[in-house]
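Which chain is which? The protein sequence lines are A and B, in order.
10 is the number that my numbering gives to position 10 of the first sequence; each next residue is one higher, with no gaps.
569 is the number that my numbering gives to position 569 of the second sequence; each next residue is one higher, with no gaps.
Bear in mind the hints are in silico, worked out from the structure with no lab data behind them.
For every residue, glycine included, the Cβ atom is placed at its ideal position computed from N, Cα and C.
Check each hint, because a few of them may be wrong.
Here's a subset of chain A near chain B, in silico, CB distances under 10 angstroms, partners left out [what the hints assert, rightly or not]: (1) E41; (2) E75; (3) Q80; (4) K81; (5) M84; (6) T85; (7) E88; (8) K96.
Cut-off 30 angstroms, straight-line C-alpha distance, at most; resulting in silico cross-link-like pairs (DSS-like, lysine-lysine) [as the list claims (entries may be wrong)]: (9) B:K63 with B:K135; (10) A:K16 with B:K261; (11) A:K81 with B:K261; (12) A:K16 with B:K26; (13) B:K261 with B:K133; (14) B:K490 with B:K338; (15) B:K501 with A:K59; (16) B:K26 with A:K59; (17) B:K30 with A:K10; (18) A:K59 with B:K72; (19) B:K135 with A:K72; (20) B:K87 with B:K75; (21) A:K72 with B:K365; (22) B:K365 with B:K346; (23) A:K96 with B:K505; (24) A:K51 with B:K87; (25) B:K490 with B:K373; (26) B:K571 with A:K96; (27) B:K26 with A:K72; (28) B:K216 with B:K144; (29) A:K49 with B:K144; (30) B:K87 with B:K114.
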Amino acid sequence: MTSKRLKRKKRWTLLKFGLGLYLAAGMFALIGLRTAVVNLEYQIGDLNKQKVALIRQSKSLSAQRAGFYSSKTIEDVAVQKLGMTLPERQNVFLVKREAGASPYKVSMTVPVRR
Amino acid sequence: MRRRGAEKPEIKKLWDEDLSNIHLKKSKRKAVILATVICFGFAVISFRLVNLMVLNHKTLSQKASRQYDRVKTIKPYRGVVWDRNMKEMAVNIEADSLYAVPSKINDSRLLSSKLAPIIKASAVDLDRKILAKKKKGFIWLARKMDETASARVATLKDEMGIDTIDFFTETRRHYPNGETASHILGYANIDNRGLEGIELKFDEYMKGEDIEVTFKRDALGNKMAEGTEDPLPGNNLLLTIDENLQYVVERELSAAMEEWKAKAAVAIMMDPMTGEILALANRPSYDPNFPAGVSGDKRRNRAITDMYEPGSTFKSFLAAAALEEKVVRINEMFDVSKGSIVVGGKTIHDVHRHGVITFEEIIQKSSNVGAVKTGLRLGATRYYDYMKKFGFGDKTGIDLPGEMGGILRRPQSWSGTSLASLSFGQEIGVTPLQLLTGYAAIANGGVLMKPYVVSEIISPAGEVIKKFSPQAVRRVVSTDSAAKTRNMLKKVVEEGGTARKAYIKGNLVAGKTGTAQMVDPATGRYSSNKFVSSFVGFVPADNPAFALIVVVYEPVGGSYGGTVAAPVFRKISEHALTYLDVPMETDENHVLLVSDARK
């Protein structure tokens, strides 16, 4: 066997070993990636659960808020809890809310004279 | 010997060579066998892979899909309903529904006894239900439970380690204002389909569309990533109703029901210029959050379904028609001093004797005799035409289900007394809404407007899909005749009129009382103690902010519209005028034009 042949054989062996190593590493990487994807799917599943729960809470809170804003609730609280009475018509001055102003800002907004 | 000695190494060499050749051959054979086995193995694996992945791909992927993939139908949220100020009138909340897997339940009696008190069911019935479906894989135990019940079941499930029951999240319709506006809103059933009110009328717009979502579950049943879980909501509705006014109307109506121990009551508030319904209330009422078991009597929207004889409130239409046809003048004198008149063999009486009075006073004092005399002058055909023009005998076309058109017979089928009876509001069936719509025409200058409760349909993205604008049906009378009728109706609320209790300090009221006898179903005749008391009018009389009708059915301890219904009109109107910021009518010195002196 000539040295050239030997060298070629050695190189081929190395190449085969490298290829095998590459395939093995690739396989592990693929398995690793697949595991990561599955883990992410679990995380997304959990996050979806949380999202659904938050939507649920948000809907429930919106409904509660709507209930608090109802005229009946406001009058019940004003009359029964705070002891208020309905004023005479002459004693009522309506404060016009500026467009876009939040309710809490209304009392603080100084009307601009034009 | 030397030769022999020399031959030995050669033999040994040959022996060694043979031996190594034999080993080599053996190794090679082993290698070949091993390679063959490996190749065969690979071939088997490859064949199996091809078999699994190519030949049986379809069947196996379907099988795998059945094991891991789950398809869930997501029910959409119904559209939200807002009042005219964007206050929520109907929203959606999420609720847990409880289901069981009967085939896996070992002790159904124990489970039933634990669950029954929480889900408010009978333990025996629950047990029977589970046993009846023993072979089934799924049954509902409770749909759309409230939060407390759901939490209690969850605790019980954890404590007892029950894995044969579980929850399914569904959306539930919620009406944050409870009874308020229940007859307008209606309600949606357990499957979120509209059954009454605008929930029924606009169901196609509001229901949204189901979506199907596929998601994966692992061997332990844990949910993995999935498609979107956001349901596609239905379209939203913007109403013409004002929740604040609606509440005031309902509050006063409830008070009147209590005060007069009445069988029922109705009130409707309308913008006479546009036909927009601002409030519509019925008593008795119900909470649409809990519609199960509510009687039809409470659910009935009397405002649009119940006909009644309007009585004297109908005289305003006679007056408008007579003025339009110029068969009478406002100051023309009528002799009603006899207090009765005979028409077609029937004697018609006034409640009080009035002497000689003007046409204006006929309306102010609500003289039946004067009305009959006016009706006879107008004639059957002309009067019928005006009644039709005012919309009687036809549905108003309001966007609520179940509306009745009322009863108005053609003149050909009238008896000898019909014209006289119709002149003061008998022999005709009207709904409160029809009557109010007619008054709104007088209030706005003579144009009949189509009433409506939904002003806009808005997509989930906030775009206006459909807008409902005010719709004039027809002109009924001229502006002049309408103005003259309005002026006559103002007198009704002043000194000498029948509705002094409808007087409002600061603004002129125009309106008319009505006290109609009800027909006793037992005798088929007018009852002497069952009445429908009503008041219908508008305020401020010359530039109305709203028209309002109050009808009280079978009040006890009072019967006159001026006594029973007019005070309710006043209370509602005072609050509404304040809320709507309608200025009091004053002169240049800020002195009230409508003072107590006019009372």
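(message) I'd like to know which numbered hints this structure contradicts. Please list them from smallest to largest.
(response) Going through the list in order, the structure violates hints 3, 4, 5, 6, 10, 13, 15, 16, 19, 21, 27, 30 and respects the others.
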